[in-house]
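Chemist: Keeping their order, the protein sequence lines are chains A and B.
Under the numbering used here, the first residue of the first sequence carries the number 1, and numbering increases by one thereafter.
Under the numbering used here, the first residue of the second sequence carries the number 1, and numbering increases by one thereafter.
A couple of the hints might just be wrong.
[Said to hold, decoys possible] As a list, the in silico SDA-like pairs of lysine to any residue whose alpha-carbon atoms are at most 25 Å apart:
| no. | chain 1 | residue 1 | chain 2 | residue 2 |
| --- | --- | --- | --- | --- |
| 1 | A | Lys-69 | B | Asn-2 |
| 2 | A | Lys-92 | A | Pro-165 |
| 3 | A | Lys-28 | B | Lys-99 |
| 4 | A | Lys-6 | B | Leu-96 |
| 5 | B | Lys-179 | B | Phe-113 |
| 6 | A | Lys-119 | A | Glu-173 |
| 7 | B | Lys-45 | B | Tyr-4 |
| 8 | B | Lys-98 | A | Ile-8 |
| 9 | A | Lys-6 | B | Tyr-123 |
| 10 | B | Lys-45 | A | Val-14 |
| 11 | B | Lys-179 | A | Lys-62 |
| 12 | B | Lys-35 | A | Lys-28 |
| 13 | B | Lys-99 | A | Gln-4 |
| 14 | B | Lys-99 | A | Ile-8 |
| 15 | A | Lys-6 | B | Ser-173 |
| 16 | A | Lys-62 | B | Ser-173 |
| 17 | A | Lys-91 | A | Thr-111 |
| 18 | A | Lys-6 | B | Ala-135 |
| 19 | A | Lys-69 | B | Lys-35 |
| 20 | A | Lys-62 | B | Ile-11 |
| 21 | A | Lys-28 | B | Ile-5 |
| 22 | B | Lys-179 | A | Ile-11 |
| 23 | B | Lys-45 | A | Lys-92 |
| 24 | A | Lys-6 | B | Phe-113 |
| 25 | A | Lys-123 | B | Ala-135 |
| 26 | A | Lys-34 | B | Gly-156 |
| 27 | A | Lys-62 | B | Ile-17 |
| 28 | A | Lys-163 | A | Lys-69 |
| 29 | A | Lys-62 | B | Val-122 |
| 30 | A | Lys-28 | B | Ser-173 |
| 31 | A | Lys-6 | B | Phe-18 |
| 32 | A | Lys-45 | A | Ala-180 |
| 33 | A | Lys-28 | B | Ser-146 |
| 34 | B | Lys-99 | A | Lys-92 |
| 35 | A | Lys-45 | A | Ser-103 |
| 36 | B | Lys-98 | A | Gln-59 |
| 37 | A | Lys-138 | A | Lys-69 |
| 38 | A | Lys-91 | A | Lys-138 |
| 39 | A | Lys-6 | B | Asn-126 |
| 40 | A | Lys-62 | B | Tyr-123 |
None of these hints come from the bench; they were simulated from the model.
The model shown is predicted, which means the values in this text are computed figures rather than measured ones.
Residue-level listing of the chains:
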Amino acid sequence: MQTQTKFIAFIVLVIVVIGGIGLYFGLKPEAPSKYDSFAQSLTEKGAVFYGAFWCPHCQVQKAEFGTAKQYLPYVECSNPDQSQTQICIDKKIESYPTWTFQSDVTLNSDTDPLVCDIKTADKEEPEACADRSSEYFKTWFFAGHSFSVKSSTDPVKERNTWKFPVGTQFSGEIPMEFLAEQIGFTLPQ
Amino acid sequence: MNTYIEIINKILSLGTIFLQFVILFIAVNFIFFRKRTNPFLLFFKEYTFILGFLAALGAFTLSLFYSEIVGYPPCELCWIQRIFLYPQLVLFGMELYKKERSIVDFSLVFAIFGSIVSMYHVYIENGGSSSLGCAALTPTGANQVSCAVRYIYEFGYVTMPLMALTLSLFLISILLNYKYMSRVK
C-alpha cells in the first residue's frame, strides 16, 4: 500500500513539474531579439505576411525571427479546421507563406522565368505549371528562387531585372535578405 | 492561436521530451545493467500496466481534445495511428482489471505497428511539402488534409506524430522490460 502511495505521489509530482515548466514557458515574456527592429520595420513599411499556423514553411519563417516574430505583420489565414479566414479569401491567398509589399518589387535573374497563365477549367496548362499555377493570377517562377510570384499585371522587364507592381504576392520560402531588400533595411550581423 | 492551446502544446511537448528520457533510461538499464535485481527495471515491471494505461488514456483523451474540441482535422496517417493506439486503452485496462497478462503480446504488436506508421508520418512531415509553400484550403479547392501539416511544432522538433512515436516506443520499452523481467529467475 505504501509503495502504491509512493507511486501515485511520483506520478503526480511528474505531472505537476511538467505542467509548471510548460506554464512558465507558455507565459513568460519574450526576450528582445536582434531582429525586433527589422520585424517592426516590415510592419511600418506595410509588408504583410499571410500564413497558416499548421504550415511548416510559416513555422520556419517565424522561427528565423525568433522572439521578434511577435512584431511581424502576420495575418493568420487558417481556422483550426484548416478552412480559410475571410480576409485571406478576399485577398486571394492560395498558399502559405505569402508576402505582399507596399512598393514595387524588383527581381534580378539571368534567365527568363517560367510563366504560368491563370488556371482555367477549359484550358490545358503546360506540364511545368501543373499544380503550381494560380486561379486568380499569372504566376512567375524564377530559377534560383524558392518562391513564386503572382500578379495580375505583367512586370516591366529591363535587361535582367523584372519590376513587379504593388500588390504582387510572393509565396514560398522567402529569404530574410529578400525581405530586407524590399524595405531598404540592413540586416544586423 | 489561443494562449491556452499554446500552453497545452508546451506542456505536452515537455511531457514528450520527458518520456523520451524515460525510454532512454530504460534502454540504457536494459542494455548495460540487465539484472533481475536492477531496481529501476523492477520498478517499471511492477508498474507496467498502470503506466501503459495512463499513457494510453492520456493519448486517447488528447487526440480527441485536438480533433473534437480544438478542431484540428486528423489526416489519413493520424487515423491509422489512432487505429493502433485506441485499442491499447482497452488492452491495458483489461490487463489491469482482469490481470490477464497474455494480452501483453497483443499490446506489443499494436505498439510496434503504431510506431512504424508514426515513423513514416514523421518522415512525410519533414519533407512532404513543396518549397513553394503550403497549399491553402481555398473555397474553390478540394484539397484533403495533408499529412505534412504540423499542428504542433515546439522546441524545434516536437510534433504530433513524434509524440505518437514516443508514446509507442515507451509502450514497447515497458512491455519488453515486463516480458524479460517476468522470464528471468
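Chemist: Can you confirm whether the C-alpha distance between Lys-6 of chain A and Tyr-123 of chain B stays at or below 25 Å?
Modeler: 40 Å, violated
Chemist: Against the 25 Å threshold, does the CA-CA distance of Lys-6 of chain A and Ala-135 of chain B hold or violate the hint?
Modeler: 51 Å, violated
Chemist: Are Lys-69 of chain A and Asn-2 of chain B close enough, with their CA atoms no more than 25 Å apart?
Modeler: 16 Å, holds
Chemist: Given the proposed pairing of Lys-99 of chain B with Lys-92 of chain A, does the C-alpha separation stay at or below 25 Å?
Modeler: 59 Å, violated
Chemist: Does Ile-5 of chain B sit within 25 Å of Lys-28 of chain A, going by the straight-line distance between their CA atoms?
Modeler: 15 Å, holds
Chemist: Taking 25 Å as the top limit, are the C-alpha atoms of Lys-99 of chain B and Gln-4 of chain A close enough?
Modeler: Distance ~17 Å between Lys-99 of chain B and Gln-4 of chain A Cα, so the pair holds.
Chemist: Within a Cα-Cα threshold of 25 Å, do Lys-163 of chain A and Lys-69 of chain A meet the stated pairing?
Modeler: 28 Å, violated
Chemist: Run the distance test for Lys-98 of chain B versus Ile-8 of chain A: straight-line Cα separation, threshold 25 Å.
Modeler: 21 Å, holds
Chemist: Take a quick look at whether Lys-45 of chain B and Tyr-4 of chain B sit within 25 Å of each other, Cα to Cα.
Modeler: Not OK: Lys-45 of chain B and Tyr-4 of chain B at ~36 Å, beyond 25 Å, violated.
Chemist: Just to be careful, I want the Cα atoms of Lys-28 of chain A and Ser-146 of chain B compared with a cutoff of 25 Å; is the pair within it?
Modeler: Violated. Lys-28 of chain A to Ser-146 of chain B sits at ~33 Å, over the 25 Å cutoff.
Chemist: Does Lys-179 of chain B pair with Lys-62 of chain A here, judged by a C-alpha cut-off of 25 Å?
Modeler: 46 Å, violated
Chemist: If you draw a straight line from the CA of Lys-119 of chain A to the CA of Glu-173 of chain A, is it 25 Å or shorter?
Modeler: 22 Å, holds
Checked against the numbered hints given earlier, the structure breaks hints 3, 7, 9, 11, 12, 16, 17, 18, 19, 23, 24, 28, 30, 33, 34, 36, 37 and 39 and satisfies all the rest.
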